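Given the sequences, and given the hints that come with them, work out the whole structure.
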Amino acid sequence: MSNTVLQASHINKYFYEPEKFQVLENVNFEVKKGEFLSIVGKSGCGKSTLLYILSTMDTDYEGNLEMNGSRLTGLSQDRLADFRNEHLGFVFQFHFLLAEFTVLQNVMLPAQKLGKYSTKEIEARAYEKLKLVNMEDYARKQSSKLSGGQQQRVAIARALINDPTIIMGDEPTGNLDKANSNLVFDIFRKISHENHQTIITVTHDPDFAKGGDRIIEMSDGKIVSGGR
Amino acid sequence: MNLNLSFQIAKTHLLAKKRQTLVAMLGVTFGIAMFIVMISFMQGVNQFLEDSALDASPHVRIYNDVNTQRPSILDAVENGDDQINIVYHQKPKQQLTRIKNGLQMVSMIEQMPGVLGVSPEVSSQAFFNNGPIQISGVIAGIDYPRENRLYNLDSRIKTGSFKSLLANPNGIVLGATLARKLNVKVGDKVSVTTPLGGNITLRVVGTFGFGIGTVDNIRCYTSISTVQEILGKDASYITDIHIKMNDPLQAIAFGKNLSKQFNTYTEDWSTANQAILAGEKIRNVMTFVVSMTLLVVAGFGIYNIMNMNVINKLKDIAILKATGFGGKDVVAVFLLQAIIIGLAGGLLGLVIGFGISYLLSISPFETGDMISLKTFPVVFRVEYYVMGLAFGLITTILAGYFPSKKASKIDPVAILRG
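Protein chains in written order, with my numbering: chain A, 1 to 228; chain B, 1001 to 1418.
Hints may be right or wrong, so weigh each one.
[What the hints assert, rightly or not] Calculated cross-link-like contacts (lysine-lysine; reagent style DSS-like; alpha-carbon spacing at most 25 Å):
hint	chain 1	residue 1	chain 2	residue 2
1	A	Lys145	A	Lys178
2	A	Lys145	B	Lys1011
3	B	Lys1100	B	Lys1233
4	B	Lys1406	B	Lys1374
5	A	Lys141	B	Lys1315
6	B	Lys1011	A	Lys120
7	B	Lys1405	B	Lys1018
8	A	Lys131	A	Lys145
9	A	Lys32	A	Lys20
10	B	Lys1011	A	Lys116
11	A	Lys190	A	Lys33
12	B	Lys1409	A	Lys141
13	A	Lys210	A	Lys190
14	B	Lys1406	B	Lys1328
15	B	Lys1409	B	Lys1017
16	B	Lys1185	A	Lys145
17	A	Lys145	B	Lys1018
18	A	Lys141	B	Lys1328
19	B	Lys1181	B	Lys1158
20	B	Lys1017	B	Lys1315
21	B	Lys1328	A	Lys116
22	A	Lys210	A	Lys32
23	B	Lys1374	B	Lys1315
24	B	Lys1017	A	Lys145
25	B	Lys1281	B	Lys1017
26	A	Lys190	A	Lys178
27	B	Lys1185	B	Lys1158
28	A	Lys42	A	Lys210
29	A	Lys131	A	Lys120
30	A	Lys141	B	Lys1011
31	B	Lys1100	A	Lys20
32	B	Lys1011	B	Lys1409
Think of the hints as simulated: they come from the structure by calculation, not from any bench.
Being a predicted model, the structure only gives us computed values, none of them experimental.
Take a look at the structure:
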């Protein structure tokens, strides 16, 4: 149990628009350190909703959420923001980078916010992460000038900059071609197996899901297999 | 909260949209430049009017107010609640306009603290004869060194000099417009007649201009003894005492004290120039109303631009929040943008405002003889610039705050899910 990094228990979530509707029904599961977990299921089954609850950005739910041994349910938005900054990394489907900033600045921002290292160290670390995703040659480029696959790799580097315990991905390969998907998958695999960082992704891509350690399958707001 | 980082993000946002930033900045610049020009110019006008009124008139004037309405003897003797006295065609009493012990009062007042100078005057209505035509005016007998101290007469001289009054007991210095009406120049003679019939011929030794029509048109100066001679009075006959204070604002209380002490009628400059003071107040209000309107318009411009900015940056805000930036950081990012716009636009506005004020202060302004102005009156004071910048900053901060607050409340989930 000591290496459990995430524990979700009795998560219930409702949507109120256009009418009351239960999206998640008594969801329980745990994730271990270094695990590469994929959440799969049909559109509308609630898997993305679950991910955003896990991400701490959505606080409108019932149940209990613990990460890294601390209870996150009920914390203030600002405390949650600090927690995200230090312990969570995100990769989104639409590789959201800040368009006006360079690749390097994009990667550095969360670390500058954390303020644990000097700017010089942060820059060195950012180069290191960019090297990991093979993007170090583009560090000084404007991020809006990159291709989709390249942007997604930069987004992964940004997610890694603070060495978070958990990296979450919302369809990280959903917008990418096969070659780029494989590239992203290899990076994730490397992170989880070599750095022992936990990866939780929501995906539609069966190959991507199969490559991971565990698959949670969801249907109609409930976990149908893979939950523990 | 990391202000440095927020500043860095704010700067990048502003530089990425240079034209938009410039437009927002120019709104503030225009508002503040106009504020500076308006207030400098209006205060210049106020100052000019006040100066010309104060320069040409005493701070406190002591004189005998001739009052023809006096109670009848009947009222003094037979009075009571049960009767009404009616006296028909009561004639005014012969009253002297002289101030009793005037010269002693002058030397006493001169010793009082806060007094810049005291000048005794003998003034009388007078007619100046120019051929068959008589022009009415006022002849003032003055003690030149004292009067000069009060009104800086030497600087008002147009031709000739006031000093000649000391050397020439029959000299007279005429107001410039009066001299023109009489068609006389320095060296010519004028004939002066008083209402009581006294007549004297004086030699013009100079002309002056205060820049105030009512003075230059009717007034002339000669020595005290000359006027006493025309009026047929003795050497202690004084009709007016003019007092100037070091601080004009003290004059009001000082005048009231004098009135009690000497039991005479006194008038201070604020009573004598009420119209000017009222005009000053109105101009001040107008300046602030117009300037505030301009700044508020600029503020709405900034509000709109910042609002659009926040809407354009929804995605960026969501990412910042997802990666751990709190509500305060987001407020700081957008508020700093507003402050940078306000500060840069404000400083530019101060420079432009100063430039326009300076140009105004050196542009020639033709007003003719009546007003002693060569250029537009403009006042340069640091306070106005500090105030302008402060107003500009307050407006931009207010205009930037609400969009920033809105930005900080954005729910990242709604945007990231697409």
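Against the structure, the hints come out as follows:
Restraint check: the Cα-Cα separation between A/Lys145 and A/Lys178 comes to about 21 Å, which is no more than 25 Å; the hinted pair holds. Pair hint A/Lys145 plus B/Lys1011 holds up; C-alpha atoms about 20 Å apart against a cutoff of 25 Å. For a cut-off of 25 Å, the pair hint linking B/Lys1100 to B/Lys1233 stands: about 13 Å separates their Cα positions. Between B/Lys1406 and B/Lys1374, the direct Cα distance comes to roughly 54 Å. Violation of the 25 Å bound is thereby established for this hinted pair.
In summary, the hint linking A/Lys141 to B/Lys1315 is supported, as the alpha carbons are separated by about 20 Å, within the 25 Å threshold. For the given pair, B/Lys1011 sits about 20 Å from A/Lys120 by alpha-carbon distance, which is consistent with the 25 Å threshold. This hinted pair checks out: B/Lys1405 and B/Lys1018 have alpha carbons roughly 23 Å apart, not beyond 25 Å. Between A/Lys131 and A/Lys145 the alpha-carbon distance is near 19 Å, which keeps this suggested pair within the 25 Å criterion.
A threshold of 25 Å between alpha carbons decides the hint, and for A/Lys32 with A/Lys20 the separation of about 34 Å lies outside it, so the pair is violated. A threshold of 25 Å between alpha carbons decides the hint, and for B/Lys1011 with A/Lys116 the separation of about 23 Å falls inside it, so the pair holds. A hinted pair counts as satisfied when its Cα atoms are at most 25 Å apart, and A/Lys190 with A/Lys33 qualifies at roughly 14 Å. Pair hint B/Lys1409 plus A/Lys141 does not hold up; C-alpha atoms about 31 Å apart against a cutoff of 25 Å.
A C-alpha spacing of about 15 Å is found between A/Lys210 and A/Lys190, which places the hinted pair at or below 25 Å, so the restraint holds. A C-alpha spacing of about 12 Å is found between B/Lys1406 and B/Lys1328, which places the hinted pair at or below 25 Å, so the restraint holds. For the hint linking B/Lys1409 to B/Lys1017, the alpha-carbon distance of about 23 Å falls within 25 Å, and the restraint holds. Between B/Lys1185 and A/Lys145 the CA atoms are separated by roughly 86 Å; this puts the pair beyond 25 Å, and the hint is violated.
The straight-line distance between the Cα atoms of A/Lys145 and B/Lys1018 is roughly 19 Å, inside the 25 Å bound, and the hint therefore holds. Distance check on the hinted pair: A/Lys141 and B/Lys1328 sit about 29 Å apart at the alpha-carbon level, beyond 25 Å; violated. Under the criterion of a C-alpha separation no larger than 25 Å, the hint pairing B/Lys1181 with B/Lys1158 is consistent with the structure, at around 15 Å. Taking the CA atoms of B/Lys1017 and B/Lys1315, the gap is about 16 Å. The hint holds against a cut of 25 Å.
Simply put, B/Lys1328 and A/Lys116 have alpha-carbon atoms about 19 Å apart, close enough for the 25 Å limit, and the pair holds. With a C-alpha separation of about 18 Å, the suggested pairing of A/Lys210 with A/Lys32 holds against the 25 Å cut-off. Pair hint B/Lys1374 plus B/Lys1315 does not hold up; C-alpha atoms about 60 Å apart against a cutoff of 25 Å. Of the supplied pair hints, the one linking B/Lys1017 and A/Lys145 holds, its CA atoms being roughly 17 Å apart against a limit of 25 Å.
Using a Cα cut-off of 25 Å, the hinted pair B/Lys1281 and B/Lys1017 is violated, with the two alpha carbons roughly 44 Å apart. As the CA atoms of A/Lys190 and A/Lys178 are separated by approximately 18 Å, the hinted pair is consistent with the 25 Å bound. Taken as a hint, the B/Lys1185 and B/Lys1158 pair is honoured in the structure, with Cα atoms around 11 Å apart against an allowance of 25 Å. For the suggested pair A/Lys42 and A/Lys210, the alpha carbons sit about 16 Å apart, so the restraint of at most 25 Å is met.
With a CA separation close to 17 Å, the supplied pair A/Lys131 and A/Lys120 stays within the 25 Å bound. The hinted pair formed by A/Lys141 and B/Lys1011 meets the criterion: a straight-line CA distance of about 18 Å does not exceed 25 Å. Annotation: proposed proximity of B/Lys1100 to A/Lys20 is violated, straight-line Cα distance about 100 Å (limit 25 Å). Only pairs whose Cα atoms come within 25 Å are accepted, and B/Lys1011 paired with B/Lys1409 is accepted, the gap being roughly 22 Å.
When held up to the earlier numbered hints, the structure conflicts with 4, 9, 12, 16, 18, 23, 25 and 31 and fits the remainder.
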